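Novice: Could you slot chain V onto chain X? The hints should help.
2 protein chains.
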Amino acid sequence: MKNFTYYTPTKVIFGQDTVSKLGQLAKESGAKKVLLHYGSERVKKSGLLPNIEEQLDAEGISYVELGGVVPNPRLSKVYEGIDLCRKEGVDFLIAVGGGSVIDSIKAIGYALADEEEGDVWDFYNYDRKPKACMPIGVVLTIAATGSEMSNSSVITKEEGGIKRGCNTDYSRPRWAIMDPNLTMTLPQYQTSCGAADICMHTLERYFSLPGSMELTDSIAEALLRTVITQSKILMTDPSNYEARAEIMWAGSLSHNGLTGCGSDGGDWACHRLEHELGGLYDVAHGAGLAAIWGTWARYVMDAKPERFAQLARNVFAIEDKESVEATALAGIEAMEDYFRSIKMPVSLTELGLNPTDEEYKILAQKCFKTTGPLGSMKKLMPEDMEKIYRAAL
Amino acid sequence: MKNFTYYTPTKVIFGQDTVSKLGQLAKESGAKKVLLHYGSERVKKSGLLPNIEEQLDAEGISYVELGGVVPNPRLSKVYEGIDLCRKEGVDFLIAVGGGSVIDSIKAIGYALADEEEGDVWDFYNYDRKPKACMPIGVVLTIAATGSEMSNSSVITKEEGGIKRGCNTDYSRPRWAIMDPNLTMTLPQYQTSCGAADICMHTLERYFSLPGSMELTDSIAEALLRTVITQSKILMTDPSNYEARAEIMWAGSLSHNGLTGCGSDGGDWACHRLEHELGGLYDVAHGAGLAAIWGTWARYVMDAKPERFAQLARNVFAIEDKESVEATALAGIEAMEDYFRSIKMPVSLTELGLNPTDEEYKILAQKCFKTTGPLGSMKKLMPEDMEKIYRAAL
Numbered sequence: 101m102k103n104f105t106y107y108t109p110t111k112v113i114f115g116q117d118t119v120s121k122l123g124q125l126a127k128e129s130g131a132k133k134v135l136l137h138y139g140s141e142r143v144k145k146s147g148l149l150p151n152i153e154e155q156l157d158a159e160g161i162s163y164v165e166l167g168g169v170v171p172n173p174r175l176s177k178v179y180e181g182i183d184l185c186r187k188e189g190v191d192f193l194i195a196v197g198g199g200s201v202i203d204s205i206k207a208i209g210y211a212l213a214d215e216e217e218g219d220v221w222d223f224y225n226y227d228r229k230p231k232a233c234m235p236i237g238v239v240l241t242i243a244a245t246g247s248e249m250s251n252s253s254v255i256t257k258e259e260g261g262i263k264r265g266c267n268t269d270y271s272r273p274r275w276a277i278m279d280p281n282l283t284m285t286l287p288q289y290q291t292s293c294g295a296a297d298i299c300m301h302t303l304e305r306y307f308s309l310p311g312s313m314e315l316t317d318s319i320a321e322a323l324l325r326t327v328i329t330q331s332k333i334l335m336t337d338p339s340n341y342e343a344r345a346e347i348m349w350a351g352s353l354s355h356n357g358l359t360g361c362g363s364d365g366g367d368w369a370c371h372r373l374e375h376e377l378g379g380l381y382d383v384a385h386g387a388g389l390a391a392i393w394g395t396w397a398r399y400v401m402d403a404k405p406e407r408f409a410q411l412a413r414n415v416f417a418i419e420d421k422e423s424v425e426a427t428a429l430a431g432i433e434a435m436e437d438y439f440r441s442i443k444m445p446v447s448l449t450e451l452g453l454n455p456t457d458e459e460y461k462i463l464a465q466k467c468f469k470t471t472g473p474l475g476s477m478k479k480l481m482p483e484d485m486e487k488i489y490r491a492a493l
Numbered sequence: 101m102k103n104f105t106y107y108t109p110t111k112v113i114f115g116q117d118t119v120s121k122l123g124q125l126a127k128e129s130g131a132k133k134v135l136l137h138y139g140s141e142r143v144k145k146s147g148l149l150p151n152i153e154e155q156l157d158a159e160g161i162s163y164v165e166l167g168g169v170v171p172n173p174r175l176s177k178v179y180e181g182i183d184l185c186r187k188e189g190v191d192f193l194i195a196v197g198g199g200s201v202i203d204s205i206k207a208i209g210y211a212l213a214d215e216e217e218g219d220v221w222d223f224y225n226y227d228r229k230p231k232a233c234m235p236i237g238v239v240l241t242i243a244a245t246g247s248e249m250s251n252s253s254v255i256t257k258e259e260g261g262i263k264r265g266c267n268t269d270y271s272r273p274r275w276a277i278m279d280p281n282l283t284m285t286l287p288q289y290q291t292s293c294g295a296a297d298i299c300m301h302t303l304e305r306y307f308s309l310p311g312s313m314e315l316t317d318s319i320a321e322a323l324l325r326t327v328i329t330q331s332k333i334l335m336t337d338p339s340n341y342e343a344r345a346e347i348m349w350a351g352s353l354s355h356n357g358l359t360g361c362g363s364d365g366g367d368w369a370c371h372r373l374e375h376e377l378g379g380l381y382d383v384a385h386g387a388g389l390a391a392i393w394g395t396w397a398r399y400v401m402d403a404k405p406e407r408f409a410q411l412a413r414n415v416f417a418i419e420d421k422e423s424v425e426a427t428a429l430a431g432i433e434a435m436e437d438y439f440r441s442i443k444m445p446v447s448l449t450e451l452g453l454n455p456t457d458e459e460y461k462i463l464a465q466k467c468f469k470t471t472g473p474l475g476s477m478k479k480l481m482p483e484d485m486e487k488i489y490r491a492a493l
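Taken in sequence, the protein lines are chains X and V.
For the first sequence, the numbering used here assigns the number 101 to the initial residue and increments by one for each residue that follows.
For the second sequence, the numbering used here assigns the number 101 to the initial residue and increments by one for each residue that follows.
Check the hints yourself; a few may be wrong.
If chains are identical, the list can't say which one is meant, so a pair holds when it fits in one copy or spans any two.
No more than 30 Å apart at the CA atoms, straight line, and that leaves these computed lysine-lysine pairs for BS3-like [what the hints assert, rightly or not]:
id: 1; residue 1: K404; residue 2: K478
id: 2; residue 1: K229; residue 2: K144
id: 3; residue 1: K144; residue 2: K102
id: 4; residue 1: K132; residue 2: K229
id: 5; residue 1: K478; residue 2: K231
id: 6; residue 1: K145; residue 2: K102
id: 7; residue 1: K102; residue 2: K121
id: 8; residue 1: K145; residue 2: K187
id: 9; residue 1: K127; residue 2: K102
id: 10; residue 1: K229; residue 2: K478
id: 11; residue 1: K102; residue 2: K332
id: 12; residue 1: K133; residue 2: K231
id: 13; residue 1: K466; residue 2: K229
id: 14; residue 1: K121; residue 2: K229
id: 15; residue 1: K132; residue 2: K231
id: 16; residue 1: K121; residue 2: K133
id: 17; residue 1: K421; residue 2: K404
id: 18; residue 1: K469; residue 2: K127
id: 19; residue 1: K127; residue 2: K231
id: 20; residue 1: K421; residue 2: K187
id: 21; residue 1: K478; residue 2: K127
id: 22; residue 1: K231; residue 2: K144
id: 23; residue 1: K127; residue 2: K404
The hints are simulated quantities; they were obtained by calculation from the structure and are not laboratory data.
None of the values given here were measured: they were computed from a predicted structure.
Excised from the complex, chain X in its bound form (with noise of 0.2 Å):
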């Protein structure tokens, strides 16, 4: 077991019709002047915008807007952000949608408390580390990437479709309202990738070479079983509160740190060699994440078959099979064929793409230019990344 910091901060405030707790929380955190950042105009359509507004407005409490915040939230936007902010002189910042939308006002929020006033990619780029980020709180529409809860950030620079990370805890919201009936009315596919993402945030943590701990492993498999039993019910009854709200929390739990708690902080090789996938072709993260897990699970396997035929017994109930080795791949298979139960690709056909010789290439060279050798079940070279690139087709 390694040793671990656990923090999270963030106060959640979890069930129906919390969003009426707006006012008051951006009341006690201080809010003077808010940025509203939001997705879509299905925000403003549904009502939740124009309820959070009169909120602020009844506890005398400003407000600018930005929308217009797309998966894979982009640096143009951040940059938008950034000078609207300024501008308006704003305080604190408010995310009204899923990961993206908190990603992007993370960035904004880095840039807003940088007393350098630097370039805000710097941090996204490697080159410099935040010091501090404005507060913020979230609203939050979509169960997926845990930002609402995690330290992470991820921006895509729209030159060169180069898609980075930047993970701090001055990022972790203040607060974050989550009622499960907000995200009733996403798409089957919207709440597939969803699901598989939060799957992939237990998994990437839960596949580590030396640190094994049984209450974080008891853990990560109980989420894991969660994910994939409430998000099958989804596929035939997405209205169902139930689901949607054990997906909601579990999707804040797989990224917040716990499942991590002593590991050596996982593999994550499997969340890089997808965000060159969302930088170059701008496909959905989770479904990015679930077409290359199988290949790079049977890529890495032989490191810890152990570790992936626990998986098969704790997390889908598989009996031992003849060799350690037969049980871990069937714990893949038994992954695979949920992704698929929940229509997400397994493969980089199913999920639309079929790069070319050179792009190949380019995807391993810029994944290994980011972060040098990746994983650490097993250290992936170049040579190793465009190999399960292929093997992923």
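Specialist: What follows is chain V alone, placed relative to chain X:
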């Protein structure tokens, strides 16, 4: 599933040699003058307190000391701490110990932040509610109460032997250093009391009438399985680092709110019934809980036998019996067998008590007087409480 708030702002620094981070943490917290609060002189002899003092010296942070906190921490010691801190101008509180020391320092913290400068007992006697608490850091030496992350503090007023709790988020520690090595030298009895207390914090939340949630239930069951497995290991191998670490982390997660998300807040009858035992007879908290639980469980089982059957299945791997009730009963017996296996009492007699007829009535009356009807599984009136105490003999 019920709405919930989840708020665990404590930064946990967990693992080997993490005490060395204390000076830096105290400095980052802005501490100028610290109270070092502890129990027995053991922390001096072990070198722990001198180590902490050296670090504070190196950071230029001054400190005063107050030891002598005992299990079921006393109000008189709290008063002593308040006077000392006021006289010395203390601005940051550090508890070096287990739950008793942390609970005592929380009470001191409430008093020091009390603008009315009233009697701190008011907060424990439910006459007033705290509006703030002086910031607290923790160096944990006993895995048991979870007070290092919880909102809870329990103090005993010597006059009348009254044991009362005060729960507010203000008292959640800023940070907690947890090195499992610090718990290595605990006597077996204290280690087992801790394990029993940890189980009970989860069981109290697990047994609730209206609410349930697959994810929360699965985490609770994972936690119980872990504590049961690992505390048994410590019976024969008390220096097992991994087992000490599992239990230490389970202690924090068991009482920080995680295992109650989505339930109705839990039952807590056993805790209240034990508080009266602790107040009157000064028994160890974990042992008192173990001594009561089985009797309580049989008394309330018929309100929701399915819940006890779930415990049997998912924690003890008991196969379904001829009826839900039979499975439920097997689960209760398995829990009692576990308590016995770590040498915890499962009756008042084994706890060393033999109350008089009058004392049974006093216990029940005091219990009812404090909080009215007890519990969620079944509403317990004074006559129910007396019956449980008597049946627990």
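Novice: Okay, which hints does this one fail, numbers in order?
Specialist: 2, 5, 18, 20, 21, 22, 23
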